[in-house]
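**Student:** Sequence:
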Amino acid sequence: MLAFDLPSHQVLSWLPVALIALYVVEILSRTFFGPLRRVPGPWATLLSSLPLRYQAIKARKVFWVHELHQKYGPVVRISPSEIDVADIEAFSEIHKIGSPFLKSPWYVMFRGAVNCFTCSDPKIHGRKRKTLARPFSKTSLRGNWEAVVVNLAKQTVAKMKEEATQGTTDLLKWWTFFATDVTGEVAFGEAFGLVESGQKPKYILDLESVNRARALRAEVAPLYNVLKTCTFGYFDPLGQADRNIERMSFDIMRNARLRQLPKANIISGVLNESDPEDRFSEREALLEAIMLVVAGSGTTAITLTYLCWAVMFNPAYQKRLEEELASVGQDFGDAQLEALPFLNAVVQETLRLYGAAPGGLPRTSPKGGCRLAGFYIPEGLTINTQAFSLHRDPLTYNDPLEFRPERYLDGKMDGKAVFAPFGSGSRTCLGIHLAYMELRLAAATFFRECAGVKLADVTTPESMEIVQYFLIAPKAQRCLVALR
Numbered sequence: 001m002l003a004f005d006l007p008s009h010q011v012l013s014w015l016p017v018a019l020i021a022l023y024v025v026e027i028l029s030r031t032f033f034g035p036l037r038r039v040p041g042p043w044a045t046l047l048s049s050l051p052l053r054y055q056a057i058k059a060r061k062v063f064w065v066h067e068l069h070q071k072y073g074p075v076v077r078i079s080p081s082e083i084d085v086a087d088i089e090a091f092s093e094i095h096k097i098g099s100p101f102l103k104s105p106w107y108v109m110f111r112g113a114v115n116c117f118t119c120s121d122p123k124i125h126g127r128k129r130k131t132l133a134r135p136f137s138k139t140s141l142r143g144n145w146e147a148v149v150v151n152l153a154k155q156t157v158a159k160m161k162e163e164a165t166q167g168t169t170d171l172l173k174w175w176t177f178f179a180t181d182v183t184g185e186v187a188f189g190e191a192f193g194l195v196e197s198g199q200k201p202k203y204i205l206d207l208e209s210v211n212r213a214r215a216l217r218a219e220v221a222p223l224y225n226v227l228k229t230c231t232f233g234y235f236d237p238l239g240q241a242d243r244n245i246e247r248m249s250f251d252i253m254r255n256a257r258l259r260q261l262p263k264a265n266i267i268s269g270v271l272n273e274s275d276p277e278d279r280f281s282e283r284e285a286l287l288e289a290i291m292l293v294v295a296g297s298g299t300t301a302i303t304l305t306y307l308c309w310a311v312m313f314n315p316a317y318q319k320r321l322e323e324e325l326a327s328v329g330q331d332f333g334d335a336q337l338e339a340l341p342f343l344n345a346v347v348q349e350t351l352r353l354y355g356a357a358p359g360g361l362p363r364t365s366p367k368g369g370c371r372l373a374g375f376y377i378p379e380g381l382t383i384n385t386q387a388f389s390l391h392r393d394p395l396t397y398n399d400p401l402e403f404r405p406e407r408y409l410d411g412k413m414d415g416k417a418v419f420a421p422f423g424s425g426s427r428t429c430l431g432i433h434l435a436y437m438e439l440r441l442a443a444a445t446f447f448r449e450c451a452g453v454k455l456a457d458v459t460t461p462e463s464m465e466i467v468q469y470f471l472i473a474p475k476a477q478r479c480l481v482a483l484r
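Under the numbering used here, the first residue of the sequence shown is numbered 1, with each subsequent residue one higher.
BS3-like cross-link-like pairs, simulated, lysine-lysine; straight-line CA separation at most 30 Å:
(1) Lys154 x Lys475
(2) Lys138 x Lys96
(3) Lys161 x Lys319
(4) Lys71 x Lys58
(5) Lys319 x Lys154
(6) Lys96 x Lys123
(7) Lys130 x Lys367
(8) Lys319 x Lys412
(9) Lys475 x Lys161
(10) Lys200 x Lys454
(11) Lys159 x Lys138
(12) Lys228 x Lys103
(13) Lys103 x Lys130
(14) Lys138 x Lys103
(15) Lys159 x Lys475
(16) Lys475 x Lys454
(17) Lys475 x Lys71
(18) Lys367 x Lys103
(19) Lys200 x Lys159
(20) Lys71 x Lys412
(21) Lys96 x Lys130
(22) Lys202 x Lys475
(23) Lys71 x Lys103
(24) Lys200 x Lys58
(25) Lys71 x Lys96
(26) Lys200 x Lys475
Label-pair distances were calculated between CB atoms; the ranges are:
(27) Lys228 x Gly193: 29 to 37 Å
(28) Ser426 x Arg254: 28 to 36 Å
(29) Arg247 x Ala213: 12 to 20 Å
(30) Arg484 x Lys154: 13 to 21 Å
(31) Glu162 x Pro366: 50 to 58 Å
(32) Glu162 x Lys367: 55 to 63 Å
(33) Arg142 x Asp278: 17 to 25 Å
(34) Thr428 x Asn225: 27 to 35 Å
(35) Gly193 x Arg247: 18 to 26 Å
Hints are computed from structural coordinates only; laboratory data are not their basis. Ideal Cβ positions, reconstructed from N, Cα and C, are used throughout, including at glycine.
All chains, please: the whole structure from these sequences, using the hints.
**Tutor:** Given below as structure tokens:
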């Protein structure tokens, strides 16, 4: 008998030893030869992405990464193939125009389809953005949709006042209705009717639930894909939900076109472009419409909610803002509001601390690797630059955790910091001017019409603690206020 020709029971007895040996070799290999072994971070992140995924599922990912920065410095390893960078120069290099740092596959994994937001190919993105950017310019927005935003803001505040006669009103609920109706008007030419009805239709409920689940799927993609494969595609709840949402979105888009609404809207614009190269197919328009509704509703609603809460939590700021707003005429417009120093400082400070999507903006390191903040990063790895940490840099901001709008007065912060609540570079959010318009007009309408509004007793710093999956939200999932 040859030495290696062992009986089967002896082979089985050695199997656990072999598996343990392989595991030890893997640990040693990652510890001493892993591509990010020289980047500081917890030892466990050399071996596995589980610590990162665990924090994401707990809705604490941005907090955990920020704590790592406080312990290890501006560049930290958060998984065997992923880092986060909180360095101003590195951020500028990663997100500059023409950057070789392309969007990582996470974006398509998150959305499940390619649109202007998820697209990583610069040429495809450039074509899509060129077509979509025109209607999102400040001039176009003020000419076509400012009156719509003003009217919806007035209707929303009126509904808040009506609800508050019963005791309190929920700002998060009503600002969500407001922002979603605005995106309906801009995308399709008519609102979804949330402000009027005070309820969310099935389409919006499905969209919200799917996006919460999609954020989790992006964090546990390997497990999700294994279950999908092992069940021959039977386990794919998000895939089926996406198909249902696309079907409902197509119906909304088709009905809007059949009615030939007189108002301009984004979808009709991209479908009717005069230049064939810029014109979108129905499928492209559909995916962009879904993106607009998702990106333009929850984000603005969350930021508006935190803006109102932060101002009311500081009575001196509330008094100052209400006095400034009293100085403008009754029929104010966005251009007038843009000239108000304190209102705009409040908006900026809210976006700094409570931007709705403060996560990592994942990019892929370019071919040949790169050097960032003194560390060499091999090609093909994921590089995050979470705004949550950049906006809380104590080297840039005095008392970075405090809500202090005055820091943005008199040009004190000009050019001194990374400010990226809407991303940066050529991938800056298309809806940035629409978001600013909504924030200014809605906040101004609220604090003029509801001067002296107070936080309800149950609305506390604890109830407003941030939880974060993809977007942030108050832990209580509401923000109750009482009107005089």
